[in-house]
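Join the two chains into one complex using the hints; note that each chain is given alone, in its own frame.
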Amino acid sequence: MPPGITIAAEAPQLSAANTGFMLICSALVMLMTPALAFFYGGMVRVKSTLNMLMMSFISLGIVTILWVLYGFSVAFGTDKGSLIGWDPDFVGLSGIGVTELWGTYDIPVYVFAVFQLMFAVLTPALISGALADRVKFTAWALFIALWATVVYFPVAHWVWGEGGWAFELGVIDFAGGTAVHINAGAAALGVILVIGKRVGFKKDPMRPHSLPLVMLGAGLLWFGWFGFNAGSWLGNNDGVGAVMFVNTQVATAAAMLAWLAYEKIRHGAFTTLGAASGAVAGLVAITPAGGSVSPLGAIAVGAIAGVLCAMAVGWKFKLGYDDSLDVIGVHLVGGVIGSLLVGFFATGGVQSDAKGLFYGGGLDQLGKQALGVAVTFAYSLIVSAILAWVIHKTIGMRVSEDDEVSGIDQLEHAETAYDFSGAGGGSLPRTAPAAPPARTAEAAAAATKNTKVDA
Amino acid sequence: MKLITAVVKPHRLDEIKEALQAFGVHGLTVTEASGYGRQRGHTEVYRGAEYTVDLVPKIRIEVLVEDDDAEQLVEVVVKAARTGKIGDGKVWSIPVDTAVRVRTGERGPDAL
Chain A
1 MPPGITIAAE
11 APQLSAANTG
21 FMLICSALVM
31 LMTPALAFFY
41 GGMVRVKSTL
51 NMLMMSFISL
61 GIVTILWVLY
71 GFSVAFGTDK
81 GSLIGWDPDF
91 VGLSGIGVTE
101 LWGTYDIPVY
111 VFAVFQLMFA
121 VLTPALISGA
131 LADRVKFTAW
141 ALFIALWATV
151 VYFPVAHWVW
161 GEGGWAFELG
171 VIDFAGGTAV
181 HINAGAAALG
191 VILVIGKRVG
201 FKKDPMRPHS
211 LPLVMLGAGL
221 LWFGWFGFNA
231 GSWLGNNDGV
241 GAVMFVNTQV
251 ATAAAMLAWL
261 AYEKIRHGAF
271 TTLGAASGAV
281 AGLVAITPAG
291 GSVSPLGAIA
301 VGAIAGVLCA
311 MAVGWKFKLG
321 YDDSLDVIGV
331 HLVGGVIGSL
341 LVGFFATGGV
351 QSDAKGLFYG
361 GGLDQLGKQA
371 LGVAVTFAYS
381 LIVSAILAWV
391 IHKTIGMRVS
401 EDDEVSGIDQ
411 LEHAETAYDF
421 SGAGGGSLPR
431 TAPAAPPART
441 AEAAAAATKN
451 TKVDA
Chain B
1 MKLITAVVKP
11 HRLDEIKEAL
21 QAFGVHGLTV
31 TEASGYGRQR
41 GHTEVYRGAE
51 YTVDLVPKIR
61 IEVLVEDDDA
71 EQLVEVVVKA
81 ARTGKIGDGK
91 VWSIPVDTAV
101 RVRTGERGPD
111 AL
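Keeping their order, the protein sequence lines are chains A and B.
Residue numbering for the first sequence follows full-length UniProt numbering, beginning at 1 and increasing consecutively.
Residue numbering for the second sequence follows full-length UniProt numbering, beginning at 1 and increasing consecutively.
Among the hints, erroneous ones may be present.
[As the list claims (entries may be wrong)] In the DMTMM-like style, the derived pairs of lysine to aspartate or glutamate whose C-alpha atoms are separated by at most 20 Å in a straight line are: (1) B/90 - B/15; (2) B/90 - B/14; (3) B/17 - B/75; (4) A/47 - A/353; (5) A/264 - B/50; (6) B/2 - B/67; (7) B/79 - B/69; (8) B/85 - B/14; (9) A/202 - A/353; (10) A/368 - A/353; (11) A/202 - B/54; (12) B/17 - B/97; (13) A/47 - A/204; (14) A/202 - A/322; (15) A/197 - B/50; (16) B/90 - B/69; (17) A/202 - B/44; (18) A/197 - A/353; (19) B/90 - B/71; (20) A/203 - B/44; (21) A/202 - B/50; (22) A/318 - B/68; (23) A/368 - A/204; (24) A/203 - B/50; (25) A/197 - A/364; (26) B/17 - B/71; (27) A/264 - B/44; (28) A/203 - B/54; (29) B/79 - B/68; (30) B/9 - B/75.
[To be verified] Partner residues aside, some chain A positions facing chain B, computed with beta carbon under 8 Å: (31) 266; (32) 267; (33) 269; (34) 326.
[Said to hold, decoys possible] Sample of chain A residues with no beta-carbon within 12 Å of chain B, all distances over it, derived: (35) 23; (36) 65; (37) 352; (38) 368; (39) 395.
Derived from the structure by calculation, the hints contain no laboratory data.
For every residue, glycine included, the Cβ atom is placed at its ideal position computed from N, Cα and C.
Isolated chain B, as found in the complex (with noise of 0.2 Å):
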């Protein structure tokens, strides 16, 4: 199994979701997430004080797949979420050593 990883822009949450229940995806976890990469923050100005912000908001959604899936469904989340301004965010996977399923016990790709 993978854990796909996608930080990426608010408000490409939806698209996501339909490219990924479209491909066959049961179940997601979404985490509001903020932080900064190329490109940094913005500022705002209070009683004339300017701050840089520099921690966008952002979502961070996470997707266990089996192994067979995982290079597809990185490619899947990579089109949703693409805008093609600065600031789309990075996906990636990493490998997964156990996954249950809670009410069940199920264990491994049965789980998912």
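Bound-form chain A, shown alone (with noise of 0.2 Å):
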């Protein structure tokens, strides 16, 4: 989050026209989640489409109640000792006045505190992508309680919150490069290295079972993106989140390009998924850096972004871990690649007067944003990886070997994602009595007397 928008001498008066522009803002983002859900769901295999959108879903719920009774307390409370916040005003949102405003801005506290909230809902549910097919539902939902809790909400603080050290040092995080996608990636390496691979990973076609849904998903992801972006200013007194809107316009669609370039040159095709992906690597990029570079600068944050995450993705064939949907590939390298980009493209006359090398502001910059981009993957690696490990020795993280390969969604959900069959799956009630198998014609005849039921 930016320093504030300074008004002199006078306090600021609660601005209407920035409290709505927030509100649609905190929408947008709210639909990044959904949004999320469908572009990991399209890329499992069939048996396991439900799961992966309910591991984005659940988030909704689990995440909103905890940054009501705690969490927003924890990342934007009165600073303590440069790590985390708290303030019982904010506990159970409950001290807050209905026209108090946010710090020295134009809004709500309560504006604030929602908008904020979206953000920490989607953070967790990037997470999720990393470990489709094989993660018992209970132990993903006690995962993100406790990873919210003890990562989420004091990285936001340390890099948004007034007080937090990243904050204090000038690394410039203008929508969540570190705090949400770095974050995110670094836990989810931190994760699978606990858990594992799927069972027959690198031997087993893994193809997406839907494109189509993936592309829907990057498309809304888009379109919620720009909330995101823009809104991190919190309101349009001085064109700064217009820039920024702007930037992550032009750097998605440089991204997808140089995504899909890299692939044709490649592998000899462009594909949807190569879109879709760049599109978001180009998003995740941008995310950082939007606000402190030209739109000529967030081409090349873009281009940059979308072919080193292109190469990212082949990683973990190399190296072996199974990072199932890329979340490292995708949100770790392009949240790092667009939070050191600063460090070269930052024009110094945008949401700051910090320069970048390129622009005569030697390596000053470059130095933050690197330790920033270090601290925050480092401990997001580690707690995860720890937070992972107990719950996979108490309860477990994994499914059964057998439940996994017959697929999630009927053992944790107990549906399947699509009937195309015309016979309906030929399912039966669950009270059918169970006669003796009779061997004759005429019992034959006599069970099906009568059961005309179809509606």
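The structure is reproduced here in structure tokens:
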């Protein structure tokens, strides 16, 4: 979160325009979680579609409640030792006045709290892509709750909270390159190092079951991301949010083209999945950088992220870690690239006067960015691995091998994603009486008499 | 009676249907199938990971015919299904013991 908009001498008045804008942005960011569910859901095999959707969707439930109870207080309460915040008024959002304004801004605390809530919901959901097909739903729900509490809330405080160490140091993270994407990507790596690979990784074909769903998800993510990025300036009094909006579009376009070009040269085809993945890589990379670069800089950030992420998604096959849907390859790598490129491409003329290497600012900003990246990565990786290990050793993180192979949807959710068969799957009511087999034609005829019930 | 089964390229279905109708066959059953023969599969690429997809989409056509028509009908189907390229499929016939028209209970050739 950038430093406040200063309105000299007078206390700010509530701005209806900015309040309305921020509420709309909050709704846009909310949309990103179901969008992510579809982006991931289309990429898994048919048998685990619903589980993938639910791993994202459940975050809307769990993290929302935690945020209201104590998350907002830990992330944005009064600073305690540059590491966490705490404010009793924020607990349960119970001590906040209806017209009380957030800091030096002209929007209510409630608006800021709900905008940030959507970020807190999305970030744990991002991790789920690395864990496809194999994680117990209860273990995942527990992991989300613990991870949000000991990783996301504190890291959000470091980066965006008044008094957080990264915030005070001057690490530039406009909308969440470190706190959201590096944080989630490092967590994904930590968890998969503990729980291991899917059955059949590198052996069985694991094709996406529905690329149209992936495309739908990517499109909705792109749309929601305007709220995520442009909204992170918390208002429109100075045009910075508009620059961020433009850069979001430009970098995403560049990244999609770059990924497709790399793929065409390397693998011979312009794939749908490449277009969707390139777009998301661009969105991730511009997230920390969009408030400090020019539109031409955004093209560079997007193109670099598009190519490097397209290369990074192949690492898992060489190194043998099963990052199922490339959370590391896209979100971690994209987040690192975007955060570091601030140190090269910051013009010093948009969100702050900090200049990058290419604009005569020397290595100063790059060093700060690198420190923000490294600490976030290390903290999230280690703590996430510990959390996963503890859950793995107690209730167990994984479903049994048999259940994984036959499909986690039926086991964990008692449902299947699609029913394309005209025979309706041949279902019988569970109360059907078990008669002993008669082996006569008369008995068979009697059993089917008067059972024409199809509506 | 004989059962003629053809596993062929999906886009030849209309030609085969028309040829069978012209011959005088009144009914047939079509199932979507997948498989491979000498054609093998094709390669698909997802985020740089290349997969060889062995099973190719096919349709399976089944027709019940009288013994005397069987040889000729096999030829009709083969001709309508042929494109001359690899992957055109197979046609075969096997003897059938019983056939019953469900609505009337007619049996044997009358049921066709």
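Verification of the supplied hints:
Among the hinted pairs, residue 90 of chain B with residue 15 of chain B is consistent with the structure: their alpha-carbon atoms are about 16 Å apart, no more than 20 Å. Our distance criterion of 20 Å between C-alpha atoms is met by residue 90 of chain B and residue 14 of chain B, whose separation comes to about 17 Å. With a C-alpha separation of about 14 Å, the suggested pairing of residue 17 of chain B with residue 75 of chain B holds against the 20 Å cut-off. Between the alpha carbons of residue 47 of chain A and residue 353 of chain A the distance comes to roughly 51 Å, so the proposed pair goes past 20 Å and is violated.
This hinted pair checks out: residue 264 of chain A and residue 50 of chain B have alpha carbons roughly 13 Å apart, not beyond 20 Å. Proposed proximity of residue 2 of chain B and residue 67 of chain B is supported: the alpha carbons are some 6 Å apart, at most 20 Å. As the CA atoms of residue 79 of chain B and residue 69 of chain B are separated by approximately 15 Å, the hinted pair is consistent with the 20 Å bound. The hinted pair formed by residue 85 of chain B and residue 14 of chain B meets the criterion: a straight-line CA distance of about 18 Å does not exceed 20 Å.
Simply put, residue 202 of chain A and residue 353 of chain A have alpha-carbon atoms about 48 Å apart, too far for the 20 Å limit, and the pair is violated. With a C-alpha separation of about 14 Å, the suggested pairing of residue 368 of chain A with residue 353 of chain A holds against the 20 Å cut-off. Of the pairs offered as hints, the one joining residue 202 of chain A and residue 54 of chain B holds, with about 17 Å between alpha carbons and a cut-off of 20 Å not exceeded. Annotation: proposed proximity of residue 17 of chain B to residue 97 of chain B is violated, straight-line Cα distance about 25 Å (limit 20 Å).
For a cut-off of 20 Å, the pair hint linking residue 47 of chain A to residue 204 of chain A stands: about 14 Å separates their Cα positions. Proximity of residue 202 of chain A to residue 322 of chain A is assessed by CA-CA distance (about 9 Å); at most 20 Å being required, the pair is judged to hold. The suggested pairing of residue 197 of chain A with residue 50 of chain B holds, with an alpha-carbon distance near 19 Å, which does not exceed 20 Å. A hinted pair counts as satisfied when its Cα atoms are at most 20 Å apart, and residue 90 of chain B with residue 69 of chain B qualifies at roughly 18 Å.
Between the alpha carbons of residue 202 of chain A and residue 44 of chain B the distance comes to roughly 15 Å, so the proposed pair stays at or under 20 Å and holds. For the hint linking residue 197 of chain A to residue 353 of chain A, the alpha-carbon distance of about 46 Å lies beyond 20 Å, and the restraint is violated. The hinted pair formed by residue 90 of chain B and residue 71 of chain B meets the criterion: a straight-line CA distance of about 14 Å does not exceed 20 Å. A distance of roughly 15 Å separates the Cα atoms of residue 203 of chain A and residue 44 of chain B; the hinted pair therefore holds under the 20 Å criterion.
As the CA atoms of residue 202 of chain A and residue 50 of chain B are separated by approximately 11 Å, the hinted pair is consistent with the 20 Å bound. Between residue 318 of chain A and residue 68 of chain B, the direct Cα distance comes to roughly 62 Å. Violation of the 20 Å bound is thereby established for this hinted pair. Only pairs whose Cα atoms come within 20 Å are accepted, and residue 368 of chain A paired with residue 204 of chain A is rejected, the gap being roughly 43 Å. For a cut-off of 20 Å, the pair hint linking residue 203 of chain A to residue 50 of chain B stands: about 12 Å separates their Cα positions.
Proximity of residue 197 of chain A to residue 364 of chain A is assessed by CA-CA distance (about 40 Å); at most 20 Å being required, the pair is judged violated. This hinted pair checks out: residue 17 of chain B and residue 71 of chain B have alpha carbons roughly 17 Å apart, not beyond 20 Å. Restraint check: the Cα-Cα separation between residue 264 of chain A and residue 44 of chain B comes to about 13 Å, which is no more than 20 Å; the hinted pair holds. For the proposed pair residue 203 of chain A and residue 54 of chain B, the alpha carbon gap of about 14 Å is at most 20 Å, so the pair holds.
Pair hint residue 79 of chain B plus residue 68 of chain B holds up; C-alpha atoms about 19 Å apart against a cutoff of 20 Å. Simply put, residue 9 of chain B and residue 75 of chain B have alpha-carbon atoms about 16 Å apart, close enough for the 20 Å limit, and the pair holds. The interface hint given for residue 266 of chain A holds, since its Cβ lies 7 Å from the closest Cβ of chain B, which is under the 8 Å cut-off. Interface restraint check: residue 267 of chain A against chain B, minimum CB-CB distance 5 Å, threshold 8 Å, status holds.
Nearest Cβ of chain B to the Cβ of residue 269 of chain A: about 6 Å, under the 8 Å cut. The hint holds. The interface hint given for residue 326 of chain A holds, since its Cβ lies 6 Å from the closest Cβ of chain B, which is under the 8 Å cut-off. In this structure residue 23 of chain A is separated from chain B by more than 12 Å, as the shortest Cβ-Cβ distance comes to about 36 Å. Every CB of chain B lies more than 12 Å from the CB of residue 65 of chain A, the least distance being 35 Å, so the non-interface label holds.
The Cβ of residue 352 of chain A lies farther than 12 Å from every Cβ of chain B, with a closest approach of about 36 Å, so its non-interface assignment holds. Residue 368 of chain A, annotated as away from the interface, keeps every beta carbon of chain B farther than 12 Å; the closest lies near 33 Å. With a least CB separation of 32 Å from chain B, residue 395 of chain A remains clear of the 12 Å interface cut-off, as annotated.
Checked against the numbered hints listed earlier, the structure breaks hints 4, 9, 12, 18, 22, 23, 25; every other hint is satisfied.
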